[in-house]
Every structure is written in structure tokens, then in C-alpha cells.
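4 protein chains.
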Amino acid sequence: MTLKKAEDYIASLKSLGLEANVMGKKTQDLPDHPLVTPSVRAVATTFDCAHNAETRNLFRVQSSISKEEINRFTHLHQSAEDLIKKVLMQRCCGNITACCFQRCVGLDAANAVFSVTYECDQKHGTNYHQRFREYWARIQTDDLVVDGAMTDPKGNRGKRPKDQTDPDLFLRVVDKKRNGVVVRGAKMHQTGMINSHEMIVMPTINLAPGEEAWAISFAIPTNTKGVKYIYGRQISDTRKMEPTCRLDVGNSAFGGQEVMTVFEDVFVPEERIFLNGEVDHSGKLVERFAAYHRQSYGGCKVGVGDVLIGATALMARMNGVESASHIRDKIVEMIHLNETMFACGIACSVMGHPTKAGNYEVDMLLANVCKLNVTRFPFELARLATDIAGGLLGTMPSANDMDDPVAGPYIKKYLATVQGVDVVDRMKVLRLIENIVAGPGAVAYLIESMHGAGPPMAQRIMIGRQGAIEDKIKRVKNLLDLS
Amino acid sequence: MTLKKAEDYIASLKSLGLEANVMGKKTQDLPDHPLVTPSVRAVATTFDCAHNAETRNLFRVQSSISKEEINRFTHLHQSAEDLIKKVLMQRCCGNITACCFQRCVGLDAANAVFSVTYECDQKHGTNYHQRFREYWARIQTDDLVVDGAMTDPKGNRGKRPKDQTDPDLFLRVVDKKRNGVVVRGAKMHQTGMINSHEMIVMPTINLAPGEEAWAISFAIPTNTKGVKYIYGRQISDTRKMEPTCRLDVGNSAFGGQEVMTVFEDVFVPEERIFLNGEVDHSGKLVERFAAYHRQSYGGCKVGVGDVLIGATALMARMNGVESASHIRDKIVEMIHLNETMFACGIACSVMGHPTKAGNYEVDMLLANVCKLNVTRFPFELARLATDIAGGLLGTMPSANDMDDPVAGPYIKKYLATVQGVDVVDRMKVLRLIENIVAGPGAVAYLIESMHGAGPPMAQRIMIGRQGAIEDKIKRVKNLLDLS
Amino acid sequence: MTLKKAEDYIASLKSLGLEANVMGKKTQDLPDHPLVTPSVRAVATTFDCAHNAETRNLFRVQSSISKEEINRFTHLHQSAEDLIKKVLMQRCCGNITACCFQRCVGLDAANAVFSVTYECDQKHGTNYHQRFREYWARIQTDDLVVDGAMTDPKGNRGKRPKDQTDPDLFLRVVDKKRNGVVVRGAKMHQTGMINSHEMIVMPTINLAPGEEAWAISFAIPTNTKGVKYIYGRQISDTRKMEPTCRLDVGNSAFGGQEVMTVFEDVFVPEERIFLNGEVDHSGKLVERFAAYHRQSYGGCKVGVGDVLIGATALMARMNGVESASHIRDKIVEMIHLNETMFACGIACSVMGHPTKAGNYEVDMLLANVCKLNVTRFPFELARLATDIAGGLLGTMPSANDMDDPVAGPYIKKYLATVQGVDVVDRMKVLRLIENIVAGPGAVAYLIESMHGAGPPMAQRIMIGRQGAIEDKIKRVKNLLDLS
Amino acid sequence: MTLKKAEDYIASLKSLGLEANVMGKKTQDLPDHPLVTPSVRAVATTFDCAHNAETRNLFRVQSSISKEEINRFTHLHQSAEDLIKKVLMQRCCGNITACCFQRCVGLDAANAVFSVTYECDQKHGTNYHQRFREYWARIQTDDLVVDGAMTDPKGNRGKRPKDQTDPDLFLRVVDKKRNGVVVRGAKMHQTGMINSHEMIVMPTINLAPGEEAWAISFAIPTNTKGVKYIYGRQISDTRKMEPTCRLDVGNSAFGGQEVMTVFEDVFVPEERIFLNGEVDHSGKLVERFAAYHRQSYGGCKVGVGDVLIGATALMARMNGVESASHIRDKIVEMIHLNETMFACGIACSVMGHPTKAGNYEVDMLLANVCKLNVTRFPFELARLATDIAGGLLGTMPSANDMDDPVAGPYIKKYLATVQGVDVVDRMKVLRLIENIVAGPGAVAYLIESMHGAGPPMAQRIMIGRQGAIEDKIKRVKNLLDLS
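Chains as they are written, first to last, in this note's numbering: chain A, 2 to 484; chain B, 2 to 484; chain C, 2 to 484; chain D, 2 to 484.
Chain A with its partners taken away, still in its complex shape (with noise of 0.2 Å):
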């Protein structure tokens, strides 16, 4: 058993060997890569929390399948109090990192695939669920990261998968060997994969009788054969790769990442498949996986909300406006926003309940309302932060033009403000605010709080299914005595 050390994660990690194509070139050695490099540090965080002395007993946890100690981020989570530690250690994470530090997908993925695992075996008569138990337990003593693919490219949006003109749009069983199957299709969207070991892949969508090649779930290393890479871009993605000075990326230590993810007849052997064509479990997996995402960004976003917070606050006291009664009101409505997000998290934690396979689930309701309401307020946090940046948001020069005998001096005689305030030092809160709203940031930010764990929609028709109509026109029709 070990609790990874960050540069013992970082080592295991090199030594999987992974390889993408990033912006047209095939590229090795990964985690040096300029581009990912910052987001390997972010991942790397998780481990480092679980030793620092402020933070190791949020972190850790006992393992409710060893009884040792285990790092959260792999924890099968145990009760009410679990799911509200999980929350706490996200923002945590999103305080320290201010991105998005890409290892709650696998945590998600795997609490949902052990309770419906649970309940397929018990309809089903199926081996799945004790299959995942002890793939986990070594993901656990392991402490190895593990990414959750659920994202497939899905085609024209208004057909189902046998309809699309090219099946593979979504991922799907092409073969069946003896001791496993054969995949093919991609995942799309997939943070930190190649920051990862493992991935976990499951079925995009609610599937039904005839749909069984795409009912597959299944847990491979990232570095199986016939799985290939290819690097998004994000916004503002090269000021990474500039050779001077790192101040213009505004988050130079940490940052996010995705890929798109090919599985070009990739095989997964028997033990790690959780699902193969059973259909009747796919939308269970489907509820439960993003139900627990969208509990997540009740408190990741939330820490990077904090961030953003603390560094428009930090931008009007140095501009001299702290105290402005407008300024001060914008303050405290992007604290307001961010903690509606935050108790919206807290909420469906102490609102959960233990699944038939004994670990604990989210209430789905209120994980949903969570997950609608970050599609919404990192939105106008942004546009807050934005007003009180001021337009030099959009429009300062180059930190490369600090080096310049000419306009170095100038940037810094007309970019002063308050007395005492360091120019350079109110440029890089500059840029850490358009990091967030308008830079690499904003893709986990504002993209990744729109879309990730599904899109709004998703979420409102899980709230219209979960609201309990019925129950409400029944209380009316009581209190006024109707039929």
C-alpha cells in the first residue's frame, strides 16, 4: 500500500509512455511538454494534499475494501459525511490550482460503476460487480489515476446510434473474442487522459433492446495498444510554449488539458469489462456517473471561483477602488453566486443515501439543480471579474515589452496606480483574471462549467424527472379539497 508522493506520480507517470499528436506533431515524453506540463502539476496536486500537513486528513480516508488508508481521490464513498468531505477537497484542489485538476472523473466513474455493477449482477446474474472490486482495490493501493470516458462523438445529433451513417460515432463492441472483447469508436472531451493510468469507459447514453454492441463499460491502462491521442487546443494555448517570460499565461504553474481519444479496435479482456450489452443498466450508469460529476463542480469551480474572487478583490485594491460602494457590491455578489454553487454541493451530499452495493449516492435532484446552476454563475462571475479588471483585460502589451529599453519603462511609469503597488505584480493579477475568464482557464471554467458532466438540458431533464410534479399537484389538491 502507498500514498503517492507527487514526484512518485509524476515518475509512474513518464513511465507509461504515453504518446499524442499535439498541434500536428506526434509527440513523446508528455509531461515535459510545455503544454502539459502545467497540468500534470495540477494532477500532481492530489497527491501533494494527501502529505501536507493542512490538508492530509481531508484527503485521506480509509479504504472501505482494504481498511487501509488510501488517498480520497480513489475512496468509494461510505456516507453522507464522505460525499461533503469529497466536495471540501475539490475546492481545496481548486483553491490551490485554480483550473481543473482532472482526477474526479475516475472518482465518479467508479462509484457509479460499483453500485450499478451491484444491480445488474443481481438482475442479470452477471459477475461484473465483484470484477470491479477488485480492479479498484488496486487502483486504490495503487494509487494510480484514473480517467472516466463517457463523451462519444455522437454524429447527427437526432439519430441513434445504429442510424448514424457511420456506427462507430458511437464507441462500440466490433468483435468478440474468447477471453474478451474487441472496441472501436472515440471519446471525446476527455480531460486529463493522458495524465492518467487507467480509464474507465462507459456508454454516453440510454440505450435499448438491439443496442447492445454500444451497451460496453470497461477499464483499460492508457497506454493499451490501438488507443491514440490527439491534443485540444485551448485558448490562448501557445503563451505556454513562449520562450521568455511565463507571465502573460496568468497560470503558470497549473492548467488543464483534453484529448480526443481513439479506440481503433482496441482489445479489453474479460476481467475488466462491467457491462456488455446488458442495455437495461446503461441509463443507470449514465444518471449516476453524471449525477456525481455535477456534484463535483459544486466544489471545484467553486474553488476556482475563490481564486477569481480574491484576485478581483486583490486588481480594485490596487487600483485604488476597493472601497467603492460598486465595487465592493460586485464583491460580494460573485462570493453570494459562488456559494449558492457551493451549497448546492454540500446539499446533495447530506441529501444522499447509501446505494444496494453500500457505497453512498448523490441526491439526484439536488446534483442536478447544482450542476444547472454552474452552467449560470461562473458565467457572471466572469462578467463581474471582467468589470472590475478594467479593459486592460483585453488590451495590455506583451510581458516580452518589459524587456524593451523602450517600452519597458514606459509600461511601467503608465501602468502604475496605487503607491507601493508593484507593476508587474498588478500584470500578472491581470493576467490570472484573463487566464480565467478569457484564457486557458475558461476552458474548464466556463466551456467545461457549460458542458462538462452534460449540458444544461441534460440537467433540466433529470430535475423535470426527479421534481416530484405529481407529489406537488397532490398537496394542492388537497389543501383545496379537489377531486
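Honestly, I wouldn't trust all of these hints.
If we take Cβ atoms under 10 Å as the criterion, some of the chain C residues that face chain B in the derived model are [what the hints assert, rightly or not]:
#1 GLU259
#2 GLU265
#3 GLU381
#4 ILE389
The set of hints was computed from the structure by calculation and includes no laboratory data.
C-beta: ideal position from N, C-alpha, C; glycine also.
Fit chains B, C and D to the known structure of chain A by using the hints.
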């Protein structure tokens, strides 16, 4: 020890012999007055629920003082779970009554006074805590309804109490007797006062040295000599007094009630005084009471919201449009907003903490966030209900026209919708919606949502204070390596 | 040719001898009924303004038919400037009455019927346009008030007229006579109907072949045989009938009025029929009337909004908080939203265009945008007014208590605020705010803002149709050189 | 007299020989620099449109000075119709370029300086108006691009110019010569400056006696000695410099551009000075320029919004979801918000009035209302576009990967959607959306929408001043018969 039943409560209330000025007339036998009766029934629900099979477990709890089983509406919270159950209990009452059931204010006051008196005694060597504990033990044992009186008239809002033209505009001690004090002033907007046995009076603002006369907190029976009540008008209130059909009230079973309460040189005996001149503890009392009460709104208003959503969905069904996508979308939005408020009520509960005195206090930041959402979302719920309900909401004929031989049949003919829907049922649902969005129920659902437990600016000030802005700035400095 | 004065109008109205069922009673002498009188006075304002020095230029215009000077409320718009002046005139009336002054509906109906009859004649060789022109010439000359009746009861909203259980749920021709037709049905929510001399009836939806019986438009005097009126209840309506002080109504001078209008086999003579079976012109009539009326709301509701803003600002001043930054900020927000609606009213006017018949039509897209904003912003204005007005908005004692020897002095003592502010004046302002946000005025300011001229979904459909999406897509294709 | 063509403009621009510091390098031949070229093309569009058959009538107008035909971008507005046409012209340019076309600032400055100089001369006996008239006559005749420079660096926002640690933080006169003055300082966020022939410099705030040195307005050629330019970074700017495929920029044809402009002891000859120490006219200049420029945003941002809506609708179509009700609803909402801004731009134009100098000024209140909406709605449009565009917006591979023999085919296979949709076309549309909501275009569409022509608080102050609050209060007093 008794757990009163509804009828016991009503009998005990009648025995108090309260009088009030009601629409220009000195009025006795208040509980039987048609304007008042629905509000008595709403309070009585809090007693009923402690006996009904479905709800009794939630509404009963072991007293921390007597160890006997008491009504949760008189409980000193002992855990986060208690705080959560308080919110669930309030949502339940809102579900049943669709209005303000008036019994939370005293509960919130008691929990605030309990901890503040403890801390005041610690600092000033006073004896308030033991006094209050004894006082409250009797409230629990006798299962009494207690109102909390905080809102002073305030006169010129730009001036301190002692700078007002009339110093009585904030309730104050005007004379000190050997065994008590004499107070003069008024408390505004007293929800449920004339349905209560007792009241706890508190200051309305944080006071400073020199303002000792206003730093007074105490409890007295509602029928104390010198206390006068002037009944507050509500929207469409006199429909409750109309002779024939009750249909037009919308919610004829239940209702809220507010009075202006005047203290004309009222004597308060020593043993019922819980603060008297310790200005440094006045602010705490205000903040804590307010925080508990802001939490309350995450339960009660959500409960009313459930009824409004149910009525709106039922109206859509009655009109034959329930499956229209824009209708479903609006219902989902109503549920989403309602559950967001609930999430905040739950979250500020679970994140609560014990006070020095041993009872449990809500998380101050999240309780204020909860209430700030309550100053917004019910208005949007009301707007959406207005959208779906249709124009008839503002133009429907009087129920009295139903008995008219000419008008009655026309109404039945032309207000018919989906086959099988009874026109009178449809009218009832419309009137219920009107009651909540633009009738007597709107006093609680909209105006009180705005101003109860303080207007939005009060919450914003607290959010600014509790929002840990300096911590957030520090995180930014760490991330960016700023000095 | 006469330009009636207010007293002429009232006299002429009385001479019609209209009857209505009012709260269960058959009632005559309607203009003198306390529920009705304020609404008559509101309509009378439209006559007064044509004589007052300050407003007469705006309210008078040269008739395009007779070339005589007429009241602009009967004008067929001849230019964009006419359309703008219409909006300004409506804002002016809103400013004076703080309520719905009821005379726009007929104006909007006339302008729609004028152009649609022309086009119908062109296509079908009918003679409607000349008929209407002659009819309307008399309206202008006699300066009459005309109501427009469009909203059918609609029954099951999911079904067409002929598929309803009762085909009368949409008004229809039930018999054809040699010199006219007989109609049966009802029109709902008829604002100002019993204060009108005439009414123009129109279909409520776009009709298809096979629905000819419902494609009927005509004008009749309001006192036509077979027409029945059932009075609509308004929020807090009976305060208008309370014996003593008028303070509690909030706006005792003016008010709105709605009735349900039943057509019990009413004969319509040939010369008053403007559409009869030409289903292909029914949709045009609906859309054009709706567009004109959606423009109207950019004037009248803005005028009421001005009064609400003024009352709110005055209340802040009376409370001594007018210079608080958050108060000023909320007043600014109210002005901003109000002026945004006004801007839409003006813009759809100036972007208007001539019809084939020669009168001027508003820009369809912008008129719908205007109204869609009106379904939102007044609700936010009301919310902000509620915030600033304070809790007293929902809890203030009855005006009758002012005369009570005990209660009266207490109210005066404890409702006092800034020195020099009269308490009764303060109560009047509070009641005016209550009137608009949660009293009889809210029927027009909120419920009618939502549903008048069609609910929001009706505007959304038109915006989708008029929004030139294909043009926008084409621009993208050009920019990106797409095929 | 010439009406320049695009190529004439570009040639004349090159002949200026401007230099700038661009990302750390002193750079010449700016119009040919890949970062700059798209912005030159955007300005060139304003010339093209004066020659294209479809647009020439809108873009050409008779000069009030020379009576010759000129480009409307140099026009002194003579009527409300001119103001409206200005907005239409701007929307048209936004439609073509999908970005900031940079030529409005000088137009807005000229119209403000024209009327303020007139009034200053009237009061102070100065000769500025005639000077400016002569200066501007040449601009019209030569069809030049003029920038307007208002925004000073401002240093500590809590201090006046003379109280700053460095008085140069507001541009000021540092020396007076016999035939001119010497100025020092900087102007920030200068949109289009290095694509301009001339600039008009104005003070940034209302100045008071004792601040004469800062009350300076003048015009100089952009290649004047002592003027230095430092290029501003934009989001994802260097994609414009990437060697291969231009797909990733999103809008490779057009773009915006901003510089920081430093005035290092620049000599300004007497005949180019339009204000020099008359502090009482500085505020007017600021307000009027701002009002014209706030009107502008009701045209240009709406034009970009059209493109964003078109791209979003096209993406929905390409994904096969265009007929989903929630998609249509969001597109309608985008149109609604976009047209609301347009309505404000049109309304402040038509409600404009002539100045004493004879040109036309927008309605101050409505122009500020227009801009305040622009600080909100584009953010919501961007959020809705993000919703519909999908997660690929933030995770799509680089265009360079298309050429890769492994990655290219995978991208084509898995990004396929509706049959017949070209994958590269789909990628182009996604990149265009990215460009506007989170790419270089977002600098203009979001950040500039917030801060251009002043941040929201500047508009709020003006709305508070222009909102006629006292009139509104007076109306309430009249209605209620208050003293």
C-alpha cells in the same frame, strides 16, 4: 409535560383574551375573527404535525434541558442534524399550509438568546443565561408559541436611536424599577404575534456605548398590560370576510398575520430580562437571530414554492398544455430555483457549528446566501406562475357570480377547458395561484421573502464580512508568488 | 366634428345604459359604481389631454380620412412619426393615471383591420375596406371609445376550434341572415369594455380552411342586444368600496377594468362585418393587431413605471435613505429597465413602414422584442420597489385605524420618519406602491404585462420567424467561405 | 475630393511609416504584420462599403461643410435620420467583419468636439470651433481614418490628476510654446490607432479649476514625433502567426487591434488645439463623446451579434438539432437580446436633438441605457452560443492535425455529424464561435463591450442624472395630492 394538540393550542390562545385594533375597530375574540382564523389554523398545523403519524417523528425531539420529548418548534438545536430537520420541518409546514405558519421566529430568537446570554455572562458576569434557560424550559414543557420581536420602527434611517426626533422610535428602557424595567416603543411587522403566548424582544441593530437604554432584551406574555396591537392589512384581505363562497380567497384554510405592536410603558420583571445595557452583545444577538431566521426561509418559502409549482403544473394540465415544451421548461425552472433555495437552507445547516453555550448555530455565510436567494427566486417563481396561469389570474369573475342564474352558466360554459376538468376546480387553482403571487399569501411569499429577517442589503453586508476576502487574496498571492 | 371633453365622454357613456354582473349582482349605472368609476376616469384622461394646454398638441392630429382634427386615440397612423407620437401619448397617460387607460386596444385594432381589409379585398374582391373606412370615419368624428376583442376562451389549448367539446369556445358565426350574421361565443379579459361605445371583434388565432365559421371580424355598439358582461375581480378590489378613507386603495383617482364578454346569438349587420370566412387573412389580422398592441406596451407600461420609480424614490427620501449608494443603484436600475422598454417602443415605431392600404405599421420584429421585455422588466421593477419600500408594504394598518383614538396616535408616532414628512403622506405613497406591485394596479402592471397582446411564447414565436436566421447563417457562410 | 477605396486607404496607411513595439520587438511595416493585417482589413471594409452597390447609399452622405459627397464615417450628423443611419452602417460593418472595425471612435470624437468647441467659443471667446471645422473639412475631403483618444491611465483611481504620484498619469500640457503646446502622458486601449491617419485627443474626466493643464484637446497625425505605440496582446493572438492553416483563428479575414499610446513631450501646433485650459468644458466633451460612442455600440456589437447568432444556428443545424425546442428557444433569446440593444441604439438616435453648433446629438439618457445593456447582453449571447456549440468549443484539435496522416482521418471520421456536412466547415464555424466568445474577437465583443466608452458605473451615473427623478416624484405628488 404536554405535547399540545391543535385544539389545546387554540383553547389556550383564546384564554389569553388578546385584543387588537383591526381595520379601525377594537376587536376581541381574535381567533374567531374571519381575518385571523386562517392564521390561527396555520399555527395549529405545527401542533397537528407532532401528532400525525407521517410527520410526528420529524416534529418531535428530545429536549436538551428536560430530556423529555418536545415539539421541535421549541427545540434548542444540538447538532447539524437538528438544524437540517428544522428546515425539513419548515418545508413540510409550507407544503401543508401554503403560507407563513408563524412559529419559527420564536424558535430562532430562543436559539440566538441562548448562546448570546451565555457569552454575555462570561464577559460581564451577568446571570442572563440561567434565567433564559429556566424561562425556555417552561416554554418547552408547556409547548407554547413564542414570537420574536426585533424590528423597531427606525424613524429616520440615517440617524442613530438617540438622534431621532422621538427616541421611542427604537424600543428602549424608560425607567428602572427595583425588580425590573419599564420599556416604551414599538415593534413592526410582528408575524403571528396575536397567535402567540409569549414574545421575546430584542434590539434591532448593533449598539454602541451611549446607547445602553436601547440594548434591552426580554420576554413577556403577549397579554401583558400596556402592550397594544394594531392589525396589518394584507392584499385582498377582506375577501376572507365576504359572506358567501370562500373560493375567491384562494387559500381559505390557512393564512398569515402581522401586527404592529406598541409597548406603552410596559413593566418587565427582572427574571425575564436577558440583556440590559450590554451594548457589546447587541450586535451578536441581531446577527445570530437573523442567521437562524435566514436559514428558516430555506425551508418555509421552499414549502410554499412546492405548492405554487404544483398549482402551476395542475393549471397547465387543466388547460391541456402540460406537455408543451416551453411549459415543461418553465416548470423545471421553478423547481430548479426552489431547490436551489432549499440547498442553501440545508447547506448552512450541515456546515453549522456548536456555540460556546452548547446549542448549534448555522453557518453564517451560507445562511445569508440562503436568504439573499430568497429575496430573488420567489419573485421569479411568481412571474413564471403568472405566465403559465394565464390572464384569467387577473380578470376572473367573483365566485358570487357562480350562483347567478345568468352569469353562472356562462362562466361554466366559457371557462371549460380539457374534458373532465371541473370549472370550479380550475377556478380554485387559479385563485390559489393568485393568493400566492398577488393575494394575501404574497405578503409572506414575496414581501416577507424580501424583508423578513432583514432586507437584501443586510445579507449583502454579512456576506461581505463573512466571505473571507483576505483569504482569497492570499491564495492569489501564493499562486502568483506576489509579495 | 367634435373633440369630446371628459364630461362629454362620461355623459355619452352613461347614455348607453350598459349593465353587467358585478360580484354576483346585476348592476346598472356602471360608471357610478365605486368599482368602475376610477376606470371611467382613467379613460376620461384621454379626452382631457386633448384639451389641456401642455398635452393637446400631442393628443390631436389631422385625420387622414376627414382631414379634420381628431383625438390621436382614433388616428390611422400615417408615418413613423405618428407611431412615435402614439408611444409618447401612451407614456403621458401612464404618467397621469398610473394605471391602464384602456383606449389603445381599439386604436390598435383599427389600424390592423384597416390594412388587412384592404389586402383581403385585393385578393378576394370583398368590400371590407371601404366599409371599415366608413365605420371608422364616424368613430373619429364622434370621438368614440372603441374596444378591441380578440381573446377567445380557447378551452382545451391543445385543440383546434372545431375539435373542442363546445365549438363556442372560440367565437363563431352560428347563423347567416340575409343582411348579416349571428355570432355566439365569448371574449375574455376585455379591458375597458364597459367604458367603451363600440367594440371591434377579431379572431384569436390563425385559421385554416374548414374553420371559416370562426374567421369573423366585425364591430358593434357595446349595448347591442345579446351581449352580456361579467365583471372581473381585481386584487384588493373591494377597498374601493370601503366606506371611509380612500387611502388604502393607493390610487383612488384612477384604475383599470376588465370584463368577460358573452355573445349570446348576437346579430351583426352586413355593413359592420370586416372579415367573414376568409381564413387566409385571419392570421394577418392577429399578427398585426398584436404587433401594434405590443408596441403600445412600450409606452403605457413605461408611463406607469415612471410613477412607480417616482414613488419609490420618494419613499426612500421620506425614510432618509435616498443618498445610500445601494438605494441610488436600485433606482438607477429601475430607470434603466424602464427606458429599455421605452427604447423598444420607439424603435419599432421609427423602423415602421407603410402598409398597402396606406397607414403605417410597426416593425414586427422590434414590436415583439418590445413586448417580450415587458413580460420581464415590470416584474423586476416591482421587486426593486418592494425592496426599497420596506416591509410596511405588506403590514401597514388600515387607514380606518387613523381615526381611532388609541391606534391613530400610535400610528402617527411610530410611522414617523424624517422630520417634516407627514405620516399620512408616507402611508399614501406606500399604498400607491402596493397598488402597483400588489394591488389593483398590479393587474395591469404585472398580469397584463405578461398576457396582454399575448403571452411571452407568442412573442418568441414571432421573434423566431422575424429574426432573419437564414440571412445570419448566410453571412457566416460568406465570412468563412463555406459552400 | 476623393472617396477612397480600400486599396487607397491601405496605401495611404503604409505611407505613414508607423512603428510599434509588438510583443517585445520594435516593428515596422505594421499593415503587413500578420497580427495587424486583419485589423487593417476590418478598417478597409468601411471604405469598400462606400463603393459596393448594396451599401454605398448608406455609407455616402453629403457633407454639411463642403456639400460634397463623403464617407459617412466622417460625417457631422445633421438629423435624427443621420444618427439612425450611423447605427445601421455600424451594424452592417459588424455583419461583414464580425469584429471591431475601429472607425467609429474618431467619428464620435468629431461630433462631440464640433459642438463643445462652439459652446466654449461662445462662453470664452476662443476660436476653437472654426479651427476644428477647418481641420475636419480636410478629414472629410481626404477621407481619412481618425482615432479618438480619451482613456488616460488614471493611476490611483481614488485620486485627482494632480494628486497622483506621477502627474503624467493623466495626459497634460508640460510646456507652452509661442505657437503651440507640449504634451506628455499616455492613452490606453487605443482601438485602431495604428490603422489611423490622425487622432483626436481629449481629457478623460470632468476637470475643475486648478486642473487646467489636463484640460487639453487636440488633433495630430499618428506619425507625429514623440508618439510611441506598444501593441496590446489579445486572446489567442499568436494563432494569427501560426505558419500553416488559418482555420484555428476562427476569423482569419478580420480582427481588432489595440495599442497603448505614449506621448513623449509631443509638440502640438496652435491650429490643432481645440481646448486648452477651459476646465468647465471638459466634462461636456467627455459626456458627449461617451454618449455618441455608447450609441455606436447599439450598432456594431449588434452586427457582431448577428454573426454569432448565425454561427450558432448553423452549428445547431450541422449537429442535427436545429429543430429541438430548447435550441430554438435559445436562438430566439439571442435574437431578442441582440435586437433589444439595437432598439436602444435606434431610439437614442431618433430622440436626438440639434446642438447649438448645428450638428445632431443623441438622447443622453437612452444612449447610456443602450451601452448599459451592451455591458450585459453580449455576455449572455456568448453563454448561449457556448451552450449550443458544445464542448468541442474548448477541446477541438489544432487544424495542423488535419494534415497528419494518423490524426487527420480520425478527426474527419469522428467529428462528422449530419450527412452532407463537411467536417472542416464544421470546424470553421466552431472556431468562429470560439473567436467571438473566447478568442481575439472576444476582446471587442466582451471586454470592450464592458469597458469601451466607459464601464457600466459610468453609464449608471449618467442614467441617475438624466433619469428625471424629480419629475417622477412630482407626478406622484400630483396623483396623491401631497404637499
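Going through the hints against the structure:
1. GLU259: OK, holds: GLU259 of chain C within 10 Å of chain B, min 4 Å.
2. GLU265: Hint holds; GLU265 of chain C Cβ to chain B Cβ min 8 Å, cut 10 Å.
3. GLU381: 8 Å, holds
4. ILE389: Hint on ILE389 of chain C: holds, closest Cβ of chain B at ~9 Å, below 10 Å.
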